[in-house]
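The whole structure should be built from the sequences, with the hints applied where relevant.
Per full-length UniProt numbering, the sequence shown starts with residue 1, numbered consecutively.
Fair warning: there could be bad hints in the mix.
Below, computed lysine-lysine pairings styled on DSS-like, alpha-carbon distance capped at 25 angstroms [unchecked claim]:
| no. | residue 1 | residue 2 |
| --- | --- | --- |
| 1 | Lys232 | Lys176 |
| 2 | Lys147 | Lys238 |
| 3 | Lys147 | Lys79 |
| 4 | Lys216 | Lys245 |
| 5 | Lys176 | Lys147 |
| 6 | Lys3 | Lys238 |
| 7 | Lys232 | Lys153 |
| 8 | Lys124 | Lys176 |
| 9 | Lys216 | Lys124 |
| 10 | Lys189 | Lys216 |
| 11 | Lys27 | Lys245 |
| 12 | Lys79 | Lys27 |
| 13 | Lys216 | Lys179 |
| 14 | Lys189 | Lys238 |
| 15 | Lys79 | Lys216 |
FYI, nobody ran anything at the bench for these hints, they're computed from the structure.
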Amino acid sequence: MRKFRLAVLECDTPIEPVVEKLGTYAKIFDTFVRRGLEGYIEDGGAMGVDLEVTSHQMVDMEELPSFKEVDCLMLTGSKHNAFEDHPWITRLVDYCRLAYETTDIPLVGICFGHQIIARALGAKVQRNAGVWEVAVDQVDLTPEGQKLFNSDKLFLHQMHQDIVATLPEGSVLLGKSPKCEIQGFYIPKRVLTLQAHPEFSEFIMDQVMRRRFEQKIFTPEVYESGISRASKEHDGLKVSKVIWKFLLEDL
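Encoded structure:
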């Protein structure tokens, strides 16, 4: 049986109702990747994978995992801004850059994680002119994205107003949406990122939307639009299975 060591780099802590019901991002991502692995195997993918998931809190400056002890680095989302220079953010950017330049460890980034990896690879990350993209929305896939996901579009939860503004050198664009031109990028065998949140559920989205509306972060228009789409079906499981295809196969 093949052992696979996946390190989840937690870049935030969910709001209280989410933690109470589903746990931290480490637990949410553990569930997300295990469901994807099960689906990948059921679809005829690799057999006999002994998955070990470890978690490492980035905001609190916990010790970074040794490159010798991991087979994949997976970066989570966050309420923080990936373009800022807080010590924990710059340390994470430098760590991802070092992993990319000195090892063959694949990097997987979700939302904030997508932006951090892009920054580590020299791309520009910035605020999207105050435009929020929230709840289940359509991502139109590029030819490379269609090949990877075996579809021409994905429906995924979104929760961001920051974007990757330029593609890292050597990467290919996976998809775009009306509010975000770079919804993910890909470097064979090395990097797979998504701006969306495939690990989110209706419950998570509903709780985040309500909290940010109460905090007056969201206007009534953004809130009503997002809540109306929070319960829509999405392709999170498909994305998780493709992540395993990326990690275990030569694409």
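Cross-check of the supplied hints:
no. : hint               : in the structure
1   : Lys232 with Lys176 : holds, 19 angstroms
2   : Lys147 with Lys238 : holds, 13 angstroms
3   : Lys147 with Lys79  : violated, 31 angstroms
4   : Lys216 with Lys245 : violated, 40 angstroms
5   : Lys176 with Lys147 : holds, 15 angstroms
6   : Lys3 with Lys238   : holds, 23 angstroms
7   : Lys232 with Lys153 : holds, 15 angstroms
8   : Lys124 with Lys176 : holds, 16 angstroms
9   : Lys216 with Lys124 : violated, 28 angstroms
10  : Lys189 with Lys216 : violated, 42 angstroms
11  : Lys27 with Lys245  : holds, 22 angstroms
12  : Lys79 with Lys27   : holds, 18 angstroms
13  : Lys216 with Lys179 : holds, 21 angstroms
14  : Lys189 with Lys238 : holds, 19 angstroms
15  : Lys79 with Lys216  : holds, 15 angstroms
Hints 3, 4, 9 and 10, counting from the list given before, are not met by this structure.
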